[in-house]
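Visitor: Letter by letter, the chains look like this.
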Amino acid sequence: MAAPSFDPSGYFEFSLATGATQTRDGSRVIVLSDSALANLVGAAVERGDVTAFRQLGKQVGEAVVRSLGRPAAGLPPEEVMGHAASTLALFGWGKLSIERWGDALIATMSNLPLLNDSQLGVAALLGGMFTYLMGDEVITLPADQNGRFILVSPDVAEQVWEWYTNGDSIESMVRRLGPSARL
Amino acid sequence: MNAQVQKLEALLDRVQRNRRLERAQGFGATAEAARLDSEHPVYDHAPHSDSAASPFGEQTVAVDSTELARSTVPPSADNFEPSPFDAVASPPVEDAFDPMPFGSGPPPDFGPTSSAPPPPAPSADSLFPEVASRPASGRPAGVSVTPIALQEPTWSHGPIAVVVGSVEAPASSFGELLGRSLALRTR
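The listed protein sequences derive, respectively, from chains G and H. Anchor point for the first sequence: position 32 equals 32 in our numbering, and the numbering is continuous, going up by one each time. Offset between the second sequence (1-based) and our numbering: plus 183.
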């Protein structure tokens, strides 16, 4: 049986009477321009605290799970990723796809809003979303300059970030990672 | 004097026509609506959010232009006078969103732009039957999201495998797939 596709119709509701915009789940949202958001991201990165974007990602993850109707972890990857991509697209964050590099998962975002050169805001957003979907802490780090992000455990995040800032390619980073003993 | 009377009669006639149109579209007649009628004959007021239709035609976040088109009456020469809201063009009438499977269908149309030509005004005959056949229940009428059909498959061809050193086993669930990535440690 084919998985139900994501239905975006009626996702946002605008009320001129109350001046509020909300999703069909009742969450109130605010429409921002990307230039305004870029300032917020830039300030957060400068302070070294992108917690707000991770929290925002968790809220996106909640929306994905509501759309799926069941916890994501047990569902087919294609179904979860399809709904996640659609939800991110609805909120204007660009187009998400996923690649497997060995056992490592790489999220690729295209048509991202221009927020910050380091892409740390988007990385935090994706990390929050995948954390909520997985029910376990997921750290998402920029992996190249082409909108790719690597999904790793907090245990190795600092090391991977160091490799990336030293100029390692995705292939190089993935080669230096291996399954943990518990697998 | 006669000219003033004729002008007043014409104004009342327009207000009455507007109200007939509103009733045909299912809008409630409220005191606020009546006030707006007299001030802006084509103002597309909505009694509450469930039936809210933006009179501005376009929003920063796009709305379902089909629903919007059903809930607004584009002004035409014979039934309305221009209002302050006419400056924003009504969006083109588009087909309702068909939630097609990812990876199929034509490129997505992300809706009207400010340079889009105004749609042809629907005739009363074509407008009212659609309104009458609108389902009474379901999603709120009036405003919904613009069609977003993912043009390319996110994953419709199965996991994209870029093998580095070994062939990964297929994963049956999202949790299993992501779990492997989270289990990676430095060699």
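What the hints contain is simulated information worked out from the structure, not anything from laboratory work. Backbone N, C-alpha and C define an ideal beta-carbon position, used for all residues, glycine too. The reader is advised that the hints may include incorrect statements.
[As the list claims (entries may be wrong)] If you only want the chain H side, here are some residues facing chain G, beta carbon under 8 Å, derived: (1) Ala193; (2) Leu195; (3) Leu361; (4) Thr369.
[Claimed, not checked] Heads up, incomplete: computed chain G residues facing chain H, CB under 7 Å, no partners named: (5) Val45; (6) Leu56; (7) Lys58; (8) Ala73; (9) Gly74; (10) Leu75; (11) Leu114; (12) Asp144; (13) Gly147; (14) Pro179.
Visitor: List, from low to high, the hint numbers that the structure doesn't satisfy.
Guide: 1, 2, 5, 6, 7, 11, 12, 13
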